[in-house]
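Going down the list, the protein sequences come from chains A and B.
The numbering used here runs 9 ahead of the 1-based position in the first sequence.
The numbering used here runs 2 ahead of the 1-based position in the second sequence.
Source of the hints: derived by calculation from the structure; they are not laboratory data.
Backbone N, C-alpha and C fix where the C-beta goes; we use that ideal spot for every residue, glycine too.
Computed, partial: chain A to chain B, Cβ under 7 Å:
id : residue
1  : K122
2  : I132
3  : L456
4  : R498
5  : H515
6  : W536
7  : E818
8  : A820
Calculated lysine to aspartate or glutamate pairs in the EDC-like style (CA-CA distance at most 20 Å, straight line):
id : chain 1 : residue 1 : chain 2 : residue 2
9  : B       : K399      : A       : D765
10 : B       : K187      : A       : E449
11 : A       : K122      : B       : E95
12 : A       : K122      : B       : D278
13 : A       : K134      : B       : E148
14 : B       : K14       : A       : E449
15 : B       : K14       : A       : D448
16 : B       : K42       : B       : D97
17 : A       : K116      : B       : D278
18 : A       : K441      : A       : D264
19 : A       : K851      : B       : E393
20 : A       : K122      : B       : D97
21 : B       : K258      : A       : D142
22 : A       : K122      : B       : E87
23 : A       : K120      : B       : D97
24 : A       : K783      : A       : D592
25 : A       : K797      : A       : E606
26 : A       : K789      : A       : E605
Computed list of chain B residues with no C-beta within reach of chain A, every gap over 10 Å:
id : residue
27 : T47
28 : G138
29 : G206
30 : T242
31 : N347
32 : A374
33 : P379
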Amino acid sequence: MAGIDFEGTDVPVQQGDTIAAALYRSGTRIFSRSFKYHRPRGLYCVSGDCPNCLVTVDGEVNVRACECAARAGQKVTRQNAWPSADRDALAVIDKLHWALPVGFYYKAGIKPKFAWPMVEPMIRKMAGLGFVDHHDAPRHLERVNWHPDVLVVGAGVAGLEAALAAAGAGSTVMLIDETTPGARVASGPTRAAIDRLTAAVAAVPAITTSWNTPATGLFEGPLLIAVSGDETFHIHPQAIVLACGGREIHRVFTDNDLPGVMLARGAARLAGVHGVRPGARAVVWAEQPEALEHIAALTAAGVEVVAVVAAEGLDTSAVTCEVIRGEVTAAKGRKRVSAIVAAGRTIACDLLAVGSEIQPNEHLVRLAYDLPVVVAGDAAGHGLTLDDAMASGRAAGERAAAGPELYAVSPATPRTCGANGYVCLCEDVSVKDLEVAIDEGFESAELLKRYTTVTMGPCQGRVCADQLRAVAARKNPDLHRVANATTLRPPVRPITLEQAIAGAPHHMERHTALTAKHLSIGGTMMWAGPWKRVEAYGDVQAEYRAVRERVGLIDVGTLGKFLVAGPDATEFLERIYPMRVADLEAGRLRYGLLLEEGGVIIDDGTVCALGDGRYYLTVTTTGAERLESWMGDWAEAWGHDVYVVNQTASLGALNVAGPQARALLQKLSDDPLDRESFPYIRHRQITVAGVECLAMRLGFVGELAYELHFPASQSAKLWDAIIAAGAEWDIRPFGLMAQRLLRLEKGHIIIAQDTDFETTPWKVGMQWAVKLDKDDFVGKAALERHLKRDDRELLVPWTMGAGTACPPEGATVTMNGNLAGRVTSAWHSPTLGHPIGLAWVKRAYAAAGSSITVGGSPATVFSGHAFYDPEGEKLRA
Amino acid sequence: MSGLFRGRTWWKRSELKKSYDVVIIGGGGHGMGTAYYLAKNFGITNVAVLEKNYIGAGGTGRNTTIIRSNYRTPEGIRFYERSMELFRGLSQELDINMMLSKLGHFTLAHTDSSVRVQRERGETNRLLGVDSKLIGREEIADLCPELNMSMDVAYPIQAALYHPPGSVLRHDAVVWGYATGAYHKGVHIHQGVEVTGIRKDASGKCIGVDTSEGPIDAGVVVSAVAGWTTQVCDMAGVRTPITNHPLQAFVTEPVKPMLHKILVSANLHVYVSQTDRGEFLIGSEIEPYTTYNLRSTFSFVQHSVANALDLVPQLARLKMMRQWTGYCDMTPDYSPIMGETGVENFYLDAGWGTWGFKATAVCGETMAQMAATGKTPELIAPFRLSRFADEQMVPEKAAASVSH
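In isolation and in its complexed conformation, chain B is listed as follows (with noise of 0.2 Å):
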């Protein structure tokens, strides 16, 4: 119960000097992340994340709080288990209750084609040592008897990918938990601080960044930014294959626990799961249009909710407490860029689309050895942003598109 009956400091608000060593610009969980393991790791504190919002205003706190590393590729695989590892020490290594939340995850197939995907990841997965397998209708059943198993429906459950160490847990709690780390480590938090430019010398090396708040002297620049990773890449003059797609989800009003399991449907591009408070947290596949346009529509809504009602009929008169939308900085292989970009000192960690928060941990791990040695961590080398000039691609469409 340490730290319950005693107030607490998180962070405070810290002047914004001239220089750092690091910058990190984007102060959402992989942000936080990476300065934390800079200071824990490396010893790095003098850092300063730059947010313009809050903290974990973007892709951090709208996204579905799943973690899993039932991937398709070895390469995938590697690094999400490694996060899985992090995350399952987080909440004790921080003292902060992520309220991680071992529900169990399934992926749903409903067609011949779906179940020979998951099938394939479940063989892919076991031999790499995750837990991970095709399970049948009985099976599922038994597991989750809240599902709608009825041959009678347009898309009858014919097998599911079962994943049981996939969870949820407290989004914000992840990107607060690493702020306060770093914090007490000596790292300053900046939110309310956009960065306008990226700045570099005659020899074409980022030595900085400018601010709202002014110019700022870099040793290492890291853009952690997601959705505005084109924007911030543009400043540096680094061209990246990115498209920014709307990603949508909404919660129901809170009702007592019904079901248990994290519910993903390969075929019907849906996703559910109940939280702790109770509600009912559904989404949809990244919409197909590319803007940055943060509104919500009424025809997510009828989709995703046509499709939750086929696998949780009962769920029909909830009522919808709230919508919204995230961004998600799409990859044409569907796996994330990380590491150098061509410019020397400014390092990106993007490309992460709907997979990005359950790579937090590993993240914020691996790009603070980037920054700290400048040199690629193996674990994010098959990430490498050249991959797509040598066509060397790391595809996980079939694992991340929509299995949040």
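Here chain A stands alone, though its shape is the one from the complex (with noise of 0.2 Å):
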């Protein structure tokens, strides 16, 4: 098509239109249909804040057509209309008021019972606007930072002159708009203005603009969101100008939503900007002097402005129609205005302008709070003169420039409002709603709110809020107690899901050295805290053999990894673990869990002593990043000197384990790796394949193992060396899955599988890691504490039968069918040939020897600790 295919009609396009002003030129009046009544609806504020123009442009739904700039080719569907806005089957429906009071949802459906569950499916289908479009995935859009000294937010005069005085001051300056200049405004003086001073500030450097770049939220910072096209622009100024300015009242009268009714700075953009003539007769409602300067641009565009309706007092001497002294106080009409009734008259008419009180545009002021914000022009006026609406944008933004200041907001008092009509667009809210709901209890505007859903549409109060207070003030003048004010929130405008995200990061995804190397070798991937690991290669079970039996290689380079140093390294140390630290000599390491102050173990892993008081610590994978602000919470706690220094990231480590892992390494190192030179739980500094290597010697795995840490740059030429080496022991690489097995069969726990936020080391069998006779560390007291009762639940090993298949890891523990625990750790061990695991089991059955139910299945609680190995032999090899 060659201009905007609307519903399969073709409609021309002119430059610098909108959706609306295409769709209006080529006869469109009905834009949408109200979301209760299916009530037509035509174009009203023309400036992006009520729900009448909300159509489906592209699969995008509730795009406002009056703000979006048309384009050939566009799909252009309205919305909650069947089969079409123009003959709304469901219009039915606005005859049926008296089967739809206030606060129908909560009054209907009730009995009996079975009825709601059958209405609701229609009901919810009743609902919404627009369809959603299946197969639209979200776009990687790209996020700007902008850190100018002041934003200003609207390109009126005011914003524009605040630009133009806090650049003069020296600042840098980012001024942005939701349209371009003067796009709303018609010629005329202020239109002059804007052109003028919209060249002044394209002349200025310091001035960065950004047109068509609505302002969505304010936030703590100062942190302003703001839509450019594809970007999305976080903003963050030192000082902001909010001169967003301010718009006509919405005014309530009976039948005010009537296609045809328009506010008139809408009206006027329509005729003098987009060139559309928005009626043929119309009445002017003046309650400001500005509302009579749109004349001209009607009469331009060829309307015939038959009356003006004027308020009391406004000079209206230069008006050379009839002037009518008044209100309006109903629109006739069945699809679109025929007449409006004003102080007594009907007079025909197919267009109302309703030029009423200038209100300003509060939402953004609302949402600065305690932030460096100064407000200027209409935004913090009523209705300001040109003249003062410049002065007030110079002295903002001098006030701007001269540095953060807070700025205090006080609501806007309510207005007046009529007795009849729609105080609420979006959800076809009426004053008689209002009035009986009041009635029945809900007097403020917060349960008025949520009662009727005035202001929880689409416009989110920008037209109806200021009308609710009035209602409710006038119903209620001793409204004393309770806030007679809705809570105003960002969105300010609305921004789309995946605008939101634009730039955000997600989903860190921490990879060591070898992750190419594991992927090439049929490694398969699985999270583990930020980290991905290698879960198998394919053969968990041959992973699990090579190690029991040969020997096997994993890459542990994902171990929390820290140097602690500094004259109170050791004390430091003593009061973070629960076991002995000085007594270490250098060589030597020793396991350690790390408990909370409650006792409660949150990790676990080695403590190397390096001498000179220096050691180096490993704790888990998921641990490292939480634990890094932890050490150094309580280093700050104690007044130690201490470093803590995290080197997870640049140092990896490998772990060789199986009998052959000594013969293999020995055939890469000269360092002697005998048992009596190297014996277990010692560490030792040592060159594998040419790479340092600090290796400890641990028995996570229970085989004879190395455990070798080095710089992360030698990760590949490491592991190489490994693999080449163990080939004449058929080496294997072996994942988590394989690890799990084999520290099962050990009886080692898991930190957060095994144990929850309520294990403390007695409930886990665990006592021998704690030395209470220390002076303190850090879970102290509460264990002792714990220590003067029995505990619920206990850890305990199980063992099942030959032949019986393994429960899931999660099953439950019964006794007589009643729950008694639960599964951790589950495997199926394959050098014993039966199941085995670690559960949660309540005291009265924990004991060793006692008959369980695991998942099922008959098992027995295990007497030792360690089902494989008990004595440790092999891992002291």
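These two chains come separately, so use the hints to put the complex back together.
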């Protein structure tokens, strides 16, 4: 199509058209059907505030047609009507107001009880505007950060003046506007001033401008979010000038929602900016001088202005048509205005331009709270003259440039409201609805909002909030105790979800230096905290056997690794760990639990004494980030002179495990690795394949094992050397799954899998790792209290007979059908030939040898700690 | 269609009296529920509910409206099951449509450890008679075709705990319903009245409250103020292990219905549901910091949206309509604090974190019993304040934290 594809009709587009302008020019008058009663709705504010022109554009629902630039080929459809907005079958609901009283939903469908589940799906179908296109995937959009000294929001005369003044005072300035300067203003003195100031702004290098950039939210920082095409701006200014203008107040009268009733600025915009004749015969309702200025724009577009309804006292000496003093009390017509009633007179017309009092656009202002914000122009006052608005802008710009200053915001006072008509265009809430609701007990604006849904629609109160307050106050002048204003919240202008996440970091994924290698040899990856680790290399059983029978290699580079040094390092670790640290001689290492103040296990790992009061710590893969700040906090609290250096990313780590581990490494190292020179639970500085390593003899998997820590850059070199040297024993890399099975056979717990946030060392049989005779350590006081009580549950090892299917982890433990515990770890042990596992079991059933039911099958509480090699001879080999 | 075509009075203002048998601090769902059941079950109607703002201004009107009972501990399950039972009959009992919508509740698991936790919950639930089970990918895709089941995302969905009775209902209707029921039985509802002190006699017994409208005598005082618990308890000299965290949520503009299940992701810390009005309601876990600042943040939006779009990517071009923040009075074990406080005649209903709405009904019932009889009902005995000193906690973190 050459123009817009509007529900199958080709609508021509002219330069500068919005979708609304193009459709209106081609004769469209009904732009939508209202949410509840399916009343016809036409263009009203023509400035992005009201819900009347929400359409679906190229699959995007609820696009404001009056703000969206028209492009050839756009596919535009109207919403919430069937079969079409022009002839909507559901408009019959508009005849059924008597059956849909306020609060209808709460009062209907109660009895019989089965009625509601049948009615509800129908109500769901009736609700909502537009259909979501199921094929839309989020696009990747960019986020741009800006750091101006002063941000000015709104490029009307006040905003433009503010930008110039702030730049003149030496600040860098960013000036944004949701349209382009003057886009909504028909020619006249204001437009001339805007054009002149826009040219002046363009000549100042210190001012960055961005048009068609609506501000959507203002947050602490200050951080202002604005949307500019496919980019989302995060603007971080020192001070902000809010010059977001004002708008004519929504006037409520009988059938005030008929198509043809328009705010005067909107009508003037159609006429003077887009060259669209908004109507043939117009009545202008003028409550302030600016409204009279629009007559010229309307007349120039070919509109015959037949009468002006003017507020008492308004100077109408320049008006050439008939002037009626008073207010409009009704509109007449079926699908659009055919006449209006004012001061008892009925005047035929097809357009009512409502030039009501100007109220500030206070949404952004009310989000400012205590931020360094200055408000200028109509956003601060009520319908300023051109000169006053410009002066206000200049003053605001200077104030903002002078430095951050706190701004206190007071809500506007409510105005009057008619006796009939629609307060809320989004949700079809009338004055009568509100009055009934007030009589029923919902007195305050907040309760009226929740009960009637007024202000809860897409306009979020921009149109209706003021009139809501007016109705509540009129009905109940002594609303003294409860706040009579709803809270304004972000977003100020809608922002799509994909715009909101533009450039946001998502799912940080950490890898060791060996990920590419793992993938190349068939490793499948799984999450371990923020890390991706190898789950397996295709055959868990083969990996397991390699470790038990020959030798295996696992990448443990994800372990948390810390160097702890400084004069107080020993004392610090004595208090961090529940076991002894001070007696560790250089070259020794020790397993350590980490507890929080409540005595609950939060992590575990090893401590190597490096000598000279320096220590090397490992913690779990998931614990490193948290423990770094945790240790920092304690060091700070105790005033210790200690350095905690996180080496997690800079060091790689590999564990060579299995009966042939020593023979393998000895091929690659000249350092003595024999049992006497390098015994169990010792560490040594050794060179392997030319790579200097801190080597530790540890036993997590229950075999002779060397854990090597080295610069991460050497990871691939070392890996390759070990794999090559291990070929003669058919070495296999092994993943997390094999490791979990191997460690379970040793009865070792995994923090967070086998423990929960109540687990103290006693509950898991690890009291040996706690020295209560130490002076103090984190968790000591709680554990001493704890010892005076019996634990309700204990973590126990269990076994099952051969041939029994292994229950899944997470299965329940039962006694006589009653819940008695839960399984945290379970595997079929290849070496033992039957299922083994760990489970939390109620104390009464936790004694060694007790018969319990695990996942429905009989099991026995195991009497020892390790299922495999209980004496630990293999790992000491 | 009872009551549809006639006007009805939900409540009216009452004169503030100098003395009541029971004063309830907090006009949220819990406070109103307590007032209602005091009148209904015990015939105690000389009761005042004092609300410093408007009815339901706090957590009652800010939560995600989900009710469910697939908790982790037997204590938790029993308690929330009773709440579900009460909720199911509430529309008829109070003659107000609560719009209970039995959509079914998914707790999605994206990692092996999460699968383990959800399996455990499902197994425990089943043993205790709660309809809840772990289901695999195929069944998930069948039940909720809108979900993104792709393996080509950072956290593919591996399994889900499915809880068919999981429902949503209109949160405001609950508090208004209880308020109406209580009012028509004679309870006084005072909005805009702030409690400024807890009055005690020489022996330390609670004898009333001081308010912005003057002192009020009371036989029993019940505090049901959630986010403001620590302040009210300070007035009474009661210490609680409660920290106050903000919790945020937002809705999109309304669209025609497309998602018919309640989605919660245990790993992505996000929940998504579509309301009867057509809005998508999306939220996250509590913020890690403590504050009494109710301002919304954009970082919350970014995180929750990114995670929600992982689950339902076709929402990408929907528009946000409104975001808001509420308070969560968090306890160390993610279970509530209910009953005696150590101050005679001053009872506490607190520690409601992110799980307060679904407990509204049972809280009303049990706190009314507590206030009327002075004896701790068995259902709430595990939630006594003294459990923290005794280290006899009721660990619900795995089932309560993000799984609203």
